[in-house]
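Asker: Here are the chains, one letter per residue:
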Amino acid sequence: MSDHIVSWKVYVGVFLALVALTVTTVVAASYDFGPLNVIVALGIAITKATLVVLFFMHARYAGGLTRLVVLSGVAFFFILVFLTMSDYVTRSWSLTGAS
Amino acid sequence: MPEASAPPAQGPLAHHFANLKQQKHAAVLGMWVFIAQEVLFFGGLFATYAVYAMKYKEAFEAGSGHLNWKIGFFNTLVLIASSLTMAMGVHSAALGRSRRIVGWLLATVFLGTVFLGVKYFEYGEKIAPCFGMGAGPGCLVPGQLFDASVLHVAADVAPETQIFYSLYFAMTGLHALHMIVGIPIILWIAHAAWKGRYSPAWHTPVEIVGLYWHFVDIIWIFLFPLLYLMGRH
Amino acid sequence: MNQGTEAKPMTPEVNTLPKEHYLNAGYDWKSWLLTTDHKRIAILYLISISVMFILGGLYAVLIRWNLLVPDGSHMSAETYNRVFTAHGVIMVFFFLIPSIPATLGNFLIPLMIGARDLAFPRINLLSWYVYVIGAAFTLFSLFSGGLDTGWTFYTPYSTVFAQSNVAFAAIGIFIAGFSSILTGLNFIVTVHTMRAPGMTWFRMPLFVWAHYATAIIQILGTPVVAITILLVALERLFHFGFFDPARGGDPILFQHLFWFYSHPAVYIMILPSMGVVSELITCFSRKRIFGYSFIAMSSMAIAVIGFLVWAHHMFVSGMSVYSAMIFSALTYLVAIPSAIKVFNWTATMFRGSISWETPMMYVFGFIGLFLIGGLTGLFLGNLGTDVHLTDTYFIVAHFHYIMVGGAIMGYLGGIHFWWPKIFGRKYSEWWGRISAVLIFVGFNMTFLPQFLLGYLGMPRRYHAYPEEFQVLNVLSSAGALILGIGYLFPSLYLAHSMVKGEPAGNNPWGARGLEWETTSPPPAHNFDQTPVVEDEAYAYDKAPKEAVVA
Amino acid sequence: MNQAFPLLPEQASAQAGEVDALFFFIVAVTIFFTIGISLVILFFAVKYRRRSDEDRPKEIHGSLLLEMVWTIIPLGIVILMFAWGSKIYFQMNRPPDDAMNVSVVGKRWMWKLQHPTGQREINELHVPVGRAVKLTITSEDVIHSFFVPAFRLKKDAVPGRYNVGWFRATKVGSYHLFCAEYCGTEHSKMIGKIVVMEPEDYQTWLAGGPPPESPVVQGEQLFTELNCITCHRPDSAGRGPVLNGIFGRGIRLASGDTVVADEAYVRESILNPATKVVAGYQPVMPTYQGLVSEEQLIALIAYIKSLQIPSGETVPVPEEAE
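Residue numbers (our numbering), protein chains in the order written: chain A, 466 to 564; chain B, 297 to 529; chain C, 14 to 563; chain D, 956 to 1277.
Same shape as in the complex, but just chain A:
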């Protein structure tokens, strides 16, 4: 949607950032942060994905509509995951548990 022309240097910069983050995630994975492992891995992945969406896919320069479309896709994915998880996480909080 954008006719916004970005300097090629921006792309190379984003690429280098992505490489650096990939290395970070590999290094981070060799340490055990306990339950934080997943959060660290996903946090880095989300950062990388955001960089790709904003710069490579030009969402940064696009209108609000594009952002709305992207966000609704992501929001409905979270609805799917969170509401499904609401069952799995609370299942063991059984009312009948120990008797």
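Any given hint could be a false lead.
[Claimed, not checked] The list that follows gives simulated cross-link-like pairs (lysine-lysine, DSSO-like), each with its CA atoms no further than 30 Å apart:
id, chain 1, residue 1, chain 2, residue 2
1, D, Lys1013, D, Lys1002
2, D, Lys1148, D, Lys1062
3, B, Lys353, B, Lys415
4, B, Lys317, B, Lys351
5, D, Lys1144, D, Lys1042
6, D, Lys1144, D, Lys1089
7, C, Lys439, D, Lys1148
8, B, Lys317, B, Lys366
9, D, Lys1013, C, Lys555
10, B, Lys491, A, Lys474
11, D, Lys1089, D, Lys1148
12, B, Lys422, A, Lys474
13, D, Lys1126, D, Lys1148
14, B, Lys351, D, Lys1002
15, D, Lys1062, D, Lys1089
16, B, Lys351, D, Lys1089
17, D, Lys1062, B, Lys351
18, D, Lys1042, D, Lys1002
19, A, Lys474, B, Lys351
20, C, Lys513, C, Lys43
21, D, Lys1126, B, Lys353
22, B, Lys491, B, Lys422
23, D, Lys1089, D, Lys1231
24, C, Lys555, D, Lys1002
25, D, Lys1042, D, Lys1148
26, D, Lys1231, B, Lys422
27, C, Lys513, C, Lys439
28, B, Lys353, B, Lys366
29, B, Lys317, B, Lys491
30, D, Lys1013, D, Lys1042
31, D, Lys1002, D, Lys1062
32, B, Lys422, B, Lys317
33, D, Lys1062, D, Lys1126
No lab work stands behind these hints: they were computed from the structure.
Fit chains B, C and D to the given chain A structure using the hints.
Answerer: Same frame as chain A, but now just chains B, C and D:
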């Protein structure tokens, strides 16, 4: 605007659009909406992953630990690089440099093919033992032939590692399928660029195939840590 | 709106068809099968979904015939299971989901917003081919070994135990899903980018709003069921173990993923129907809609909240009690926007000028049946009563009231309303009203007894049943006969109208809206001049009197 | 129940009356709105019918006040319904402590039931009137659903897990038991009956027939036959944790988490022993997946439940966590 009664299609402008700007807006928005759809398409698999990763933590770590993270790491770099070349292709298109578009798109195709080639060997390693070619244990294709002995897990965790490998094949397979669909389309657009069909005013096909390719890259950005790194620590 | 176009000379006594229109723009097979005209694609869809409706209807006849006797001696259990599965799969995936969007929506959205076509005409055609291929796969499965899983494909029955052709049907439904996604994508982009000058968001007909909301569900819901059904096929063919407890899988997870789409899918069926009702009720009350923005926003609210309620299908599955409470509360929230619509429609009629023509008869029918269908939903979103009623005939009756009483009444009302626009000809008003009444009576007779059956405890999908349920079942089957005859009439008099009907003129109902400002049938390019919109939707108070000639 | 044309289902459990009260409340709301709105529409349709083609009604655009009214009133009604329904649902999912435990296994196409005293029944369940009965429901193959309309009771039988339901029969008689979740060819034949008897009749019924082995006794035999006894010894010398008195208590796991040793945990520990290993023990136990049937599992669980700490002894129960 109101005067035109179905103007004859001229150049890239389709008959039902008033002008190129409208056509471009529609095409790019269409691709974004398609990507939103794709998010939910892969989303079903990611949700499945989330449920089982929580339920079968140990099996998932064992399964993930057995995957070769170096291969995954290499492929991640290849795919990120292909995203860069794609972005540069779109950049060249916006500047109207047709020959450069072709060059960048071919580089993207090359990197995509490298990725798929690596994937081919990675799959082969897991599939070969199922058919007696690699001989011996280690068939990691889910199903009756699945054999978890190479994973060194307790006997009762073994069936659960099968879920991990089911997800591994479903997710990476679907991702690879998206690349296999994307590569011919990129070649087709490179061909059109070679013929000089694109200009700074109209290069939307390059732009939307770029969006698609970047999206495929994003999926991998999530697959890499979830599949390859969960069992490393 | 544009009064200049309205004032075109229109002979009051004898209408004639325009010399050139989209129907006579070409007669060879290519001009149909390779067309990119949204109006012709709508006709292609109309034909294919009508075939599916007849097929699904025949299966319904077999079901009601079998249930006449308690011992189920009319057919074997294997056959019966295949019959009700075929009925469900065909009606849900190949009739109801495409019904209004792919026919009326496809035909009318560009006309209503003053565009020459949808944004992606070729993708529109592609969606029809995808639909046909998906249907071919599914029909092949139904006729070669059949399918006996029920339309819900519950695991592990479908993945491990079923002795029928599950994989083929699953692939067919997977493919057909993309037809729905492509249609939705086209609508969203069209509404955003193709509106005529002056057609602001809040001047759009509510029919377009309803389809916009529907498209959101199609785009964000369908892919999830597509991937889920694909996993079922993978599990069936290659023994992946996603949902098989013997391999560590969880069958309840399948239900979550399945209903994430399949509950909102009900709104794919009912929202367009509500859009139709908003158009019809204004035209036949000759009034603006009461509370335009509330109706428009309630469509959007239904589309979004509709995604948050799916697990009310699973209250007895052993899911978490706490999670069940969340879903029950959210389910009750989605009742509110539906209620808002009904109240606003009723208020629209207040002090109107109401005529009782065939499409309006369907509107009366729709509101009555949708009220019952919607309100009986309160029993099923309720944690206390759902336990007893779920998986009984109460459910069957409830969703038929929504999907047949709601969606199909709206569909038929819409077809009757826009028929003169689509084919340029009138149909017999007398037969139209008779059939509408027959359908309404037959429908209630078929499905009201089923509420009682369900409350008494008759489970659904039973091939044979205890004797005390027979009286109600016979009553229901008798109603189905009347309903079937009711559906037969329109197919006859509409077919007659297509050939011999009197030309209708551009605007036989005196309706407002851009689609009535072009000829009937419209020209291939829709409008001679791109219309410019100056009024709000349904500006019946501004209609020039002379244009309103019946 | 053998009435030719019943209009209301029988109420034969403590729960039935409560469900029906809510049911009829919603029926009243449904009828009120259906009839009310339909009458208004018919009234409008007649009163404001088009008298001449020249009719041009005055425009009314809407009313914020009305919109608020018909948003808030329905909202209030549905909140009431939600709260009422949730209360009943909680009761349905919370069996009383004194309930007698009946195990239910669904199998295509029959119901296999077992009494706490060991009697087995197929497609029939005899219960005493007035006594709470807790059902532990599972399935051997596909999903079934245990449905007794007269008790307003329904619970899915899901393979691989235990679901719990309960009822307290209030009326002597014989009631339908249906399978409500479609399970294949003979789904409609997977029906049986619940026979509710006077307590003394129930005792007589129990006494009839061959003297059964209680699940505890069967479980004890299995415990020996499967060599569980070699590792799980009543003293702390075994390689596995001591099981005496373990049931119903919080257990600390090797992973640091805590679980309650309920039916689901014991079942999981038999089938997937390495998943949740008790802290301080090695994951050496082999899986019994495929070696024990659902009914044998139930017997084993019953036996483990019955194991009490011998009086006067303090057995080193695996680190207790509650």
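Asker: Does each hint hold? Answer for all of them.
Answerer: Hint check results:
Note on D/Lys1013 and D/Lys1002: the hinted pairing holds, with a Cα-Cα distance of about 15 Å set against a maximum of 30 Å. The straight-line distance between the Cα atoms of D/Lys1148 and D/Lys1062 is roughly 16 Å, inside the 30 Å bound, and the hint therefore holds. With a C-alpha separation of about 25 Å, the suggested pairing of B/Lys353 with B/Lys415 holds against the 30 Å cut-off. Of the supplied pair hints, the one linking B/Lys317 and B/Lys351 is violated, its CA atoms being roughly 50 Å apart against a limit of 30 Å.
Between the alpha carbons of D/Lys1144 and D/Lys1042 the distance comes to roughly 34 Å, so the proposed pair goes past 30 Å and is violated. Restraint check for D/Lys1144 and D/Lys1089: satisfied, since their Cα atoms lie roughly 24 Å apart, inside the 30 Å limit. Distance restraint check for C/Lys439 and D/Lys1148: the Cα-Cα separation of roughly 59 Å exceeds the 30 Å cut-off, and the hinted pair is therefore not satisfied. For the hint linking B/Lys317 to B/Lys366, the alpha-carbon distance of about 45 Å lies beyond 30 Å, and the restraint is violated.
For the given pair, D/Lys1013 sits about 11 Å from C/Lys555 by alpha-carbon distance, which is consistent with the 30 Å threshold. Between B/Lys491 and A/Lys474 the alpha-carbon distance is near 28 Å, which keeps this suggested pair within the 30 Å criterion. Between the alpha carbons of D/Lys1089 and D/Lys1148 the distance comes to roughly 17 Å, so the proposed pair stays at or under 30 Å and holds. In summary, the hint linking B/Lys422 to A/Lys474 is not supported, as the alpha carbons are separated by about 41 Å, beyond the 30 Å threshold.
About 14 Å separates the Cα atoms of D/Lys1126 and D/Lys1148, which keeps this hinted pair within 30 Å; it holds. Proposed proximity of B/Lys351 and D/Lys1002 is contradicted: the alpha carbons are some 64 Å apart, above 30 Å. For the hint pairing D/Lys1062 with D/Lys1089, the CA-to-CA distance comes to about 19 Å; that is within 30 Å, so the pair holds. Between B/Lys351 and D/Lys1089 the alpha-carbon distance is near 27 Å, which keeps this suggested pair within the 30 Å criterion.
Proposed proximity of D/Lys1062 and B/Lys351 is supported: the alpha carbons are some 26 Å apart, at most 30 Å. Proximity of D/Lys1042 to D/Lys1002 is assessed by CA-CA distance (about 45 Å); at most 30 Å being required, the pair is judged violated. Of the pairs offered as hints, the one joining A/Lys474 and B/Lys351 is violated, with about 45 Å between alpha carbons and a cut-off of 30 Å exceeded. Distance restraint check for C/Lys513 and C/Lys43: the Cα-Cα separation of roughly 26 Å lies within the 30 Å cut-off, and the hinted pair is therefore satisfied.
For a cut-off of 30 Å, the pair hint linking D/Lys1126 to B/Lys353 is broken: about 49 Å separates their Cα positions. Between B/Lys491 and B/Lys422 the CA atoms are separated by roughly 43 Å; this puts the pair beyond 30 Å, and the hint is violated. Between D/Lys1089 and D/Lys1231, the direct Cα distance comes to roughly 27 Å. Compliance with the 30 Å bound is thereby established for this hinted pair. Taking the CA atoms of C/Lys555 and D/Lys1002, the gap is about 23 Å. The hint holds against a cut of 30 Å.
The suggested pairing of D/Lys1042 with D/Lys1148 holds, with an alpha-carbon distance near 28 Å, which does not exceed 30 Å. This hinted pair checks out: D/Lys1231 and B/Lys422 have alpha carbons roughly 29 Å apart, not beyond 30 Å. For the proposed pair C/Lys513 and C/Lys439, the alpha carbon gap of about 9 Å is at most 30 Å, so the pair holds. Taking the CA atoms of B/Lys353 and B/Lys366, the gap is about 22 Å. The hint holds against a cut of 30 Å.
For the suggested pair B/Lys317 and B/Lys491, the alpha carbons sit about 22 Å apart, so the restraint of at most 30 Å is met. With a CA separation close to 49 Å, the supplied pair D/Lys1013 and D/Lys1042 exceeds the 30 Å bound. Proximity of D/Lys1002 to D/Lys1062 is assessed by CA-CA distance (about 61 Å); at most 30 Å being required, the pair is judged violated. Among the hinted pairs, B/Lys422 with B/Lys317 is inconsistent with the structure: their alpha-carbon atoms are about 50 Å apart, more than 30 Å.
Using a Cα cut-off of 30 Å, the hinted pair D/Lys1062 and D/Lys1126 holds, with the two alpha carbons roughly 28 Å apart.
In this structure, the earlier hints numbered 4, 5, 7, 8, 12, 14, 18, 19, 21, 22, 30, 31 and 32 are contradicted, and the remaining ones agree with it.
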